[in-house]
Amino acid sequence: MIDRPSGLGPDETPEYRELKEGWEARSAAAPPRRGKGSGATDRTISDLPLQPLYGPADVAHLDLARDLGVPGEYPYTRGIHPTMYRSRLWTMRQFAGFGNAKQTNERYHFLLAQGQHGLSVAFDMPTLMGYDSDSPRALGEVGKCGVAIDSVRDMEQLFDGIDLGAITTSMTINGPAAIALAQYVVTAENKGIPRAALGGTLQADILKEYIAQKEWIFPPRPHVRIIVDMMEFCTREMPRWNTISVSGYHIREAGSTAAQELAFTLADGFAYVEAAIARGLDVDAFAPRLSFFFNSHIDFFEEIAKFRAARRIYARRMREVYGAQDPRSWQLRFHTQTAGCSATAQQPENNIVRVAYEAMAAALGGTQSLHTNSMDEVLALPTEKSVEIALRTQQVLAYETNVTNVVDPLGGSYFVEALTDAIERQALEYFDRIAEFGGMIEAVEAGFPQREIADASYRYQRSIESGDRIVVGVNAFEKPDETHPPDLLKIGAEIERGQARAVQEVRANRDGAAVAAALAALKRSCASEANVMPALIDCVRAVATEGEIVEAMVQVYGRYTETTQF
Amino acid sequence: MATTEPAKRPLRVIVAKSGLDGHDRGAKVIARALRDAGMEVIYTGLFQTPEQIVQTAIQEDADGIGLSILSGAHMTLFPLVVEQLKAQGAEDIVFFGGGTIPPDDAEELKRLGVREIFTPGAPLSEIIAFVERECGKRRELVG
Chain R
1 MIDRPSGLGP
11 DETPEYRELK
21 EGWEARSAAA
31 PPRRGKGSGA
41 TDRTISDLPL
51 QPLYGPADVA
61 HLDLARDLGV
71 PGEYPYTRGI
81 HPTMYRSRLW
91 TMRQFAGFGN
101 AKQTNERYHF
111 LLAQGQHGLS
121 VAFDMPTLMG
131 YDSDSPRALG
141 EVGKCGVAID
151 SVRDMEQLFD
161 GIDLGAITTS
171 MTINGPAAIA
181 LAQYVVTAEN
191 KGIPRAALGG
201 TLQADILKEY
211 IAQKEWIFPP
221 RPHVRIIVDM
231 MEFCTREMPR
241 WNTISVSGYH
251 IREAGSTAAQ
261 ELAFTLADGF
271 AYVEAAIARG
281 LDVDAFAPRL
291 SFFFNSHIDF
301 FEEIAKFRAA
311 RRIYARRMRE
321 VYGAQDPRSW
331 QLRFHTQTAG
341 CSATAQQPEN
351 NIVRVAYEAM
361 AAALGGTQSL
371 HTNSMDEVLA
381 LPTEKSVEIA
391 LRTQQVLAYE
401 TNVTNVVDPL
411 GGSYFVEALT
421 DAIERQALEY
431 FDRIAEFGGM
441 IEAVEAGFPQ
451 REIADASYRY
461 QRSIESGDRI
471 VVGVNAFEKP
481 DETHPPDLLK
491 IGAEIERGQA
501 RAVQEVRANR
511 DGAAVAAALA
521 ALKRSCASEA
531 NVMPALIDCV
541 RAVATEGEIV
551 EAMVQVYGRY
561 TETTQF
Chain S
1 MATTEPAKRP
11 LRVIVAKSGL
21 DGHDRGAKVI
31 ARALRDAGME
41 VIYTGLFQTP
51 EQIVQTAIQE
61 DADGIGLSIL
71 SGAHMTLFPL
81 VVEQLKAQGA
91 EDIVFFGGGT
101 IPPDDAEELK
111 RLGVREIFTP
121 GAPLSEIIAF
131 VERECGKRRE
141 LVG
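Quick mapping for you: the protein sequence lines, in order, are chains R and S. Residue numbering for the first sequence follows the numbering used here, starting at 1 and increasing by one per position. Residue numbering for the second sequence follows the numbering used here, starting at 1 and increasing by one per position.
Bound conformation, chain R alone (with noise of 0.2 Å):
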């Protein structure tokens, strides 16, 4: 017999046998909501068991020290902080960019106004891919997506009249990351403030990349080893400066399940850690540095269970398989946006609703920093007003529901901790499958992730084809005849023709001479096992554009094509 005195939930007494034993049975006999379009399920949506009740026999099995213990400690299952929004809010970060970075600087200075915490920048698709304006490659795209950013001269215009030294910045960038790092440590040194005094974080997930969001420019072995670069440049000079986000959000947008994305954001980041250990660093020394990035989607519990389990499978591993000492290096910390693969064309006001439970969900799974997205964000980039409502939905959760006075006021829920355990297993049995493969970068290699959420992606559009899954105003309350929002955000083709002629003029008016020499010290940078940082400084300092630096990094290093699979 186990003695369990520190046990998670009280132990079944005779009398509380009998009382489920007689619930048991009326339960059955009771009939259940069934069939298409009852909306009832036995599945979360990402394919977990669901049962009707859960009771103390679910979570019998785990220890409340060992599994749970308490915020602020190991493993941090109820949060990385001991009294969370008790003491701070979550940061409330609106992911904001879009035509030109003059439009974008006017869209930061509202947000600031609203009471937005710091700046997020959304990229465009050209400066995402490592091209300028003016390719022919970048066609239709500038502007579109984000913000087109070519040189230094666009990263200046972009944060005029903002202090760099006293607000955080995040960039939501891969490919070019080191490019964009050093065009945000050239703006600020223009403006007289010290590269260690900047703060922010760079997104710099390159493997996300090939398993979800499709952008990158190199193969994956080179593109490791610049990032590892920057977390070796961070870790001597910039320590406030978070090196990389690893993010779970595009894997989830691409349709993989909860557990999936788990799985794949957590190897992706162990993936780095190795990367960096491997190159002498030590674990301590940027660990406290690494944040990752969630998605929320619409299946509230299981959602709250991901981000807990995220905390528990993340200390255990770093402390235990990669040997670090230090707390913080064993604490996940998290921004989370909510799904937009959620959010649906038909009827697009419901997707405040939906945005406002999946923000709820972030919060009560401890989330350090948070975007709501805005209801008109699945027809065009949103406007002022629908990202003031997304903003206001933050606000509303954090200063009135109530929910932010408690810590982690689902711990200990039969339901969330057998759901939080379920999730996790799962995660641990893709690590063995990933081991298999020799590790990330190889399974990544070998399509493996790519497949997995391809087949995910497929299962959960028929599932809603089929009308298992309700969505509504798609497959349920739909209206025929309804209209769309008239008030869509357009980005006109001036901003493309006025961005193209921009880069020329920047092209036109610097030392060219010395722009071909830094651009010759970076291959030789490239080609060596020499840090590529100073060399990327110099070249943003000679006014180099994104696309002249990319394409001189593509002749040491090539650029990658996908082996295509449906």
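One or more hints might be untrue.
[As the list claims (entries may be wrong)] Derived DEER-like restraints, expressed as beta-carbon distance ranges:
hint	chain 1	residue 1	chain 2	residue 2	range
1	S	D92	R	Q51	52 to 60 Å
2	S	V142	R	P136	31 to 39 Å
3	R	Q51	S	G38	38 to 46 Å
4	R	R497	S	G38	41 to 49 Å
5	R	T483	S	A87	34 to 42 Å
6	R	A196	S	R35	34 to 42 Å
Hints listed in this document are in silico derivations from the structure and should not be mistaken for laboratory results. The beta-carbon is built from N, C-alpha and C at its ideal position, and this holds for glycine as well.
With chain R held as given, fit chain S onto it using these hints.
The following block gives chain S in isolation, referenced to the frame of chain R:
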């Protein structure tokens, strides 16, 4: 020896991604759904130019092209595909698409010659029915 009717060749559809847009979830789901509905599907992969897409369709003797764009570049790239189809005398190929496309842009694209635009949330059954009907008509005309 008795001859039998040659088996009817299944409809053949190109599912394409263009520009710099990496959002391929929708394209892959549509590709699988059309395949499961009995069609031959060729998925081009990412970052194809309008020229490449139309070339592929002609070389493969495709009945239709479905183009997916979620990056906002639809008003540039869809018309370029229409232009290429005209230039190659291949306007019989049923050209349709989907993505993050505002309703009035969709109307404009249909005016320019795109046969249908599907936005997020469009049922697969509706897309399959459209492709079967329109590509079926094309097959009857072209043989």
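If I claimed the Cβ atoms of A196 (chain R) and R35 (chain S) lie 34 to 42 Å apart, would that claim hold in this structure? violated (55 Å)
How does the Cβ-Cβ distance of T483 (chain R) and A87 (chain S) compare with 34 to 42 Å: does it lie in that range? holds (36 Å)
Can the suggested window of 31 to 39 Å be confirmed for the beta-carbon pair V142 (chain S) and P136 (chain R)? holds (33 Å)
Between Q51 (chain R) and G38 (chain S), is the Cβ distance one that fits in 38 to 46 Å? Distance hint for Q51 (chain R), G38 (chain S) holds at roughly 39 Å.
Falls inside 41 to 49 Å, the C-beta gap from R497 (chain R) to G38 (chain S)? holds (46 Å)
Does the Cβ-Cβ separation between D92 (chain S) and Q51 (chain R) fall within 52 to 60 Å? Between D92 (chain S) and Q51 (chain R), where Cβ atoms are some 56 Å apart, the hint holds.
Hint check: a violation occurs at hint 6 only; the rest are consistent with the structure.
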